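Number of protein chains: 2
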Amino acid sequence: MNLLLLEEGDFVAADRVRLRDRRLTHMRDVHRVEVNESLRVGRLGGQMGSGRLLRLDATEAELQVSFDQPPPAKLPVTLLLALPRPKMLRRVLQTVAAMGVPRLVLLNSYRVEKSFWQTPFLEPAAIREQLILGLEQARDTVLPEVIIEKRFKPFVEDRLPQLAAGTCGLVGHPGDFPTCPRAVGGPVTLAIGPEGGWIPYEVEKFTAAGLQPVQLGERILRVETAVSALLARLF
Amino acid sequence: MNLLLLEEGDFVAADRVRLRDRRLTHMRDVHRVEVNESLRVGRLGGQMGSGRLLRLDATEAELQVSFDQPPPAKLPVTLLLALPRPKMLRRVLQTVAAMGVPRLVLLNSYRVEKSFWQTPFLEPAAIREQLILGLEQARDTVLPEVIIEKRFKPFVEDRLPQLAAGTCGLVGHPGDFPTCPRAVGGPVTLAIGPEGGWIPYEVEKFTAAGLQPVQLGERILRVETAVSALLARLF
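Taken in order, these protein sequences are the chains called A and B.
Going left to right, the first sequence walks through residues 1 to 235 as the numbering used here numbers them.
Going left to right, the second sequence walks through residues 1 to 235 as the numbering used here numbers them.
No wet-lab data here; the hints were simulated from the structure.
Treat the hints with care, as some may be off.
As the list claims (entries may be wrong) - Computed list of lysine to aspartate or glutamate pairs in EDC-like fashion (alpha-carbon distance at most 20 Å, straight line):
no., chain 1, residue 1, chain 2, residue 2
1, A, K153, A, E204
2, A, K87, A, E123
3, A, K87, B, D29
4, B, K74, A, E218
5, A, K74, B, E218
6, B, K150, B, E113
7, B, K87, A, E218
8, B, K114, A, E123
9, A, K114, B, D29
10, A, K150, A, E113
Nothing here was measured: the structure is a model prediction, and the numbers come from that model.
Just chain A, same shape as in the assembly (with noise of 0.2 Å):
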């Protein structure tokens, strides 16, 4: 936890919060701090700045805080990732959000597996605590938008077009297709595949929408290492 991110309901004036939850745990215990010791505050979906400890016992501290400073800007991106498997989706969501994607939807694929998409960890709740996880950890405050598609043809068909009109439309896929392109400068829709891939059929899909096809290498990476790898080679 790089940044303690604030929710509405942790102010008990316009520059004042009052906190009981992890967050007191993790500052008494992880970060050790003090009264009157200062440490990096947000405002989820706002500005970021600085707390002063004001008073820290067993079940509850209170902060001073100020805000002064913009999060980090976004990358102009939109991901579509095949449902990874739940274990790997917790993972992935925390990467999402500490990578500063802004919009990621899951989306299936034959390669799916049905059960998947039946885990607890794709409940909205459940989601949003992973993501505040990567924002806390990359110091940033607004929380990525998650869109769940289980259905990939209408998703791809009537849907897709339109989100990647106008960017530089990329899908993942092994092959003998151009490499992915690097420092594209400009916003980006990209699909990364599930374990096994993308079918073909998936492919001519995601073409038809206006993705081009690119191959990333010879070595087959997990879903989590290929976003950030992925990434970071397109920003």
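Model the placement of chain B on the given structure of chain A, informed by the hints.
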């Protein structure tokens, strides 16, 4: 497991292996391979090829194997990493092996907690286990070399200058430094700090050894994410 990695002890003839361990379980329960089906195999430290399942029962699998393909090229990089916390260490080892890093130095730093050096995950067998998982993921056969340096100063003063000679030497450090270069096209020595970063003394020592500080943007990434992002940017 995208590659069935075979060791010398598995061979019962030049073209025949018998497996009894987690690879047997994986073939049976995850890949659900059937007799006469083929799967990708690799000889640890050697070539890759294919294996045909001859026999599979509760305790043993037998395959006929042939090898005709070199493993993918490694990246021309020596990666120096402040020793991460034990849980992260395991994942980082997998990522390093999967991305094709041939040489990793796990290094002490002022901000590495002393207790991290006590973890059983630093035992050679435990390191090897994680590296193998990374190779199986990415389809590679060649284990990276892992060097453990518990003392920062003698390593950076006495050994690093030779290691870094003739390479593009970089140390990741937040601050008013040039951004990390892209697609350097030659060998690199890259040092990535602990959570909280290197201390100024350490950055000075790296600089004296020929490494240039580069910054990686405002966002603070987990070590695993930083490793994959930086490697993707550099190569």
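*Checking against the hints above, which ones are violated?*
7, 8
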